[in-house]
Amino acid sequence: MTTKFYDRLSNDFTQLLENPIDYNVTIEVGETPVNQTFEVHSYILQSRCPYFKKKFNETPFNEKNIKVLKMNNISVKVFDVIIKYIYGGTLSLENLENSIIFDLLTSSHELELDELVEHLQTHLVTSNNASWLKLNFAHVYQTCYQVKNFDTIQKFCNNIIAKHPNTIFESEKFISLPEDALISIIKLDDLQEDEDKIWDHIIQWGRSKNPTLPANLDEWTSDNFITLKTTLKNCLPHVRYFNISREQVLEKLYPYLQLFEPKLWLDINTKLLTPEKQISSIILPPRKILSATSTIPIPSIPSIPSIPLIPSIPSNVITDEHALELSSWIDRRETTYTENNPYEFNLLVRGSRDGFDVKTIYNICDKVSNTVIVAKVKGTGEIIGGYNPLEIDKIEKKWCFSQDSFTFSFKTENLKNSIISRVTSFDYAIYNGPNNSWLQFGDARLQFGNALNLGGNLKTEKKSYCGIATYFGYEKSIRSNSNCFSVEEFEVLKVLPK
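When we follow the UniProt record's numbering, the leftmost residue of the sequence shown carries the number 1, and every step to the right adds one.
I should point out that these hints are in silico values taken from the structure, not numbers from a laboratory.
Don't take each hint at face value.
[Stated by the list, open to error] Pairs of lysine-lysine residues, derived as DSS-like cross-links and limited to a Cα-Cα distance of at most 25 Å, are as follows:
id: 1; residue 1: 233; residue 2: 263
id: 2; residue 1: 229; residue 2: 263
id: 3; residue 1: 55; residue 2: 77
id: 4; residue 1: 163; residue 2: 197
id: 5; residue 1: 494; residue 2: 394
id: 6; residue 1: 271; residue 2: 252
id: 7; residue 1: 54; residue 2: 4
id: 8; residue 1: 359; residue 2: 462
id: 9; residue 1: 397; residue 2: 462
id: 10; residue 1: 233; residue 2: 197
id: 11; residue 1: 498; residue 2: 163
id: 12; residue 1: 67; residue 2: 54
id: 13; residue 1: 359; residue 2: 398
id: 14; residue 1: 494; residue 2: 163
id: 15; residue 1: 462; residue 2: 476
id: 16; residue 1: 416; residue 2: 378
id: 17; residue 1: 134; residue 2: 148
[Claimed, not checked] Derived CB-CB ranges, DEER-like:
id: 18; residue 1: 462; residue 2: 6; range: 32 to 42 Å
id: 19; residue 1: 189; residue 2: 43; range: 12 to 22 Å
id: 20; residue 1: 147; residue 2: 462; range: 28 to 38 Å
id: 21; residue 1: 403; residue 2: 129; range: 34 to 44 Å
id: 22; residue 1: 60; residue 2: 39; range: 43 to 53 Å
id: 23; residue 1: 314; residue 2: 484; range: 22 to 32 Å
Idealized CB from N, CA, C, for every residue including glycine.
Taking the hints into account, I'd like the entire structure generated from these sequences.
Right under this line is the structure:
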């Protein structure tokens with residue numbers, strides 16, 4: 001029988017890292033001025049890390065018999081975790097934000113630390129951390145396919161995309177997806193999207209790769225179609241053409257006739273005219289589209305806990321966890337709901353769908369009460385918003401009395417905790433301003449005095465801001481500055497008791 005004293009071994013090597021006697025390597029980590037030099041031992045790093053084994057073979061000793069490496073692409077915080085893992089075989093993630101853990105994952109892949117890569121993926125997809133992945137979905141998904149071997153997170157992402165394809169199709173980063181990532185999406189049998197819309201997305205992606213193609217299809221030459229066909233040659237075979245209606249074939253496929261091989265185009269039309277006739281083209285099975293009343297089985301990723309992939313809130317800006325937090329604030333609870341949300345949230349307005357002008361809110365939400373507006377600030381990733389218990393009025397411009405309205409900002413990568421700011425000046429709680437395209441929370445009698453001021457076209461104009469004045473009718477500021485901003489996306493949701 002062999003007895004293994006791993007704890008003592010780990011502790012001794014950790015002590016050697018803290019007091020690097022006889023070190024023969026220095027590694028400068030991070031970008032100036034926030035960089036740090038680690039003094040380490042080549043034999044330990046070579047035996048534990050394939051990357052360093054190759055790197056040290058390429059790096060000569062200097063006149064002091066020291067190998068000097070620079071790793072400016074890894075932060076000091078991330079490398080500190082990695083080097084402690086290499087020396088002591090220990091890993092502590094308790095005090096790290098999920099954004100740092102994701103950076104740790106990508107750096108671990110770069111250093112070929114396969115054991116750490118697998119562990120970190122499993123950690124990120126567990127239910128306690130999955131909300132961060134959803135909140136930063138486009139970035140996570142794109143990174144996974146650039147890196148190639150994040151299989152666990154890829155499965156997590158594909159499960160979300162299958163049930164909620166607009167998560168990626170409506171993202172600003174959709175057109176920058178790698179080809180193999182797009183193919184993995186359109187190959188999904190349970191992708192909940194009509195086939196003609198999948199065709200639209202593929203064409204959109206292909207045209208974005210060739211920005212010199214004319215915007216007007218009537219101006220295209222044969223060479224233009226050949227260019228697009230070459231770009232999409234690996235995507236087109238995965239479209240399920242025989243599940244597209246006659247009307248959509250005429251409207252959407254026919255304008256791109258030159259993309260099709262003559263035999264395939266003939267078979268598509270043959271099936272439309274004489275469905276029973278045999279054809280030689282491969283007929284892919286129809287996608288498993290679920291009806292609105294279907295119960296969606298949630299697949300679990302092997303060897304990790306099952307993940308609640310289907311959000312109950314129809315939002316591209318906030319998650320189920322955010323909805324629970326909002327519901328808790330509406331009910332003035334001291335503790336946050338963790339499950340069984342007593343409210344449902346119905347989507348009324350989405351900027352990318354309905355337009356970004358504030359007047360759109362008044363036109364669509366006229367006479368609607370109990371609404372939440374949420375917005376993702378462009379360039380910062382902040383999620384801010386306000387709750388309005390009053391009816392929105394597209395006709396009358398006025399100040400409105402409320403004791404229950406509040407503004408908020410949610411915890412994100414750049415904000416440690418969520419912030420709620422309740423109304424204190426009840427007579428000036430909400431400003432209803434449809435004529436001049438303003439929606440305001442708080443007293444605007446002072447310059448930059450609103451707790452939240454949304455104005456004009458939220459995407460193209462920088463008229464919106466959050467006040468940091470001493471007095472604006474709400475408890476506190478929800479942003480650290482009063483700089484005007486534009487948004488990447490915004491939504492208005494109706495809050496209803498279940």
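Enumerate the violated hints, using their earlier numbering and listing them in ascending order.
7, 18, 19 and 22
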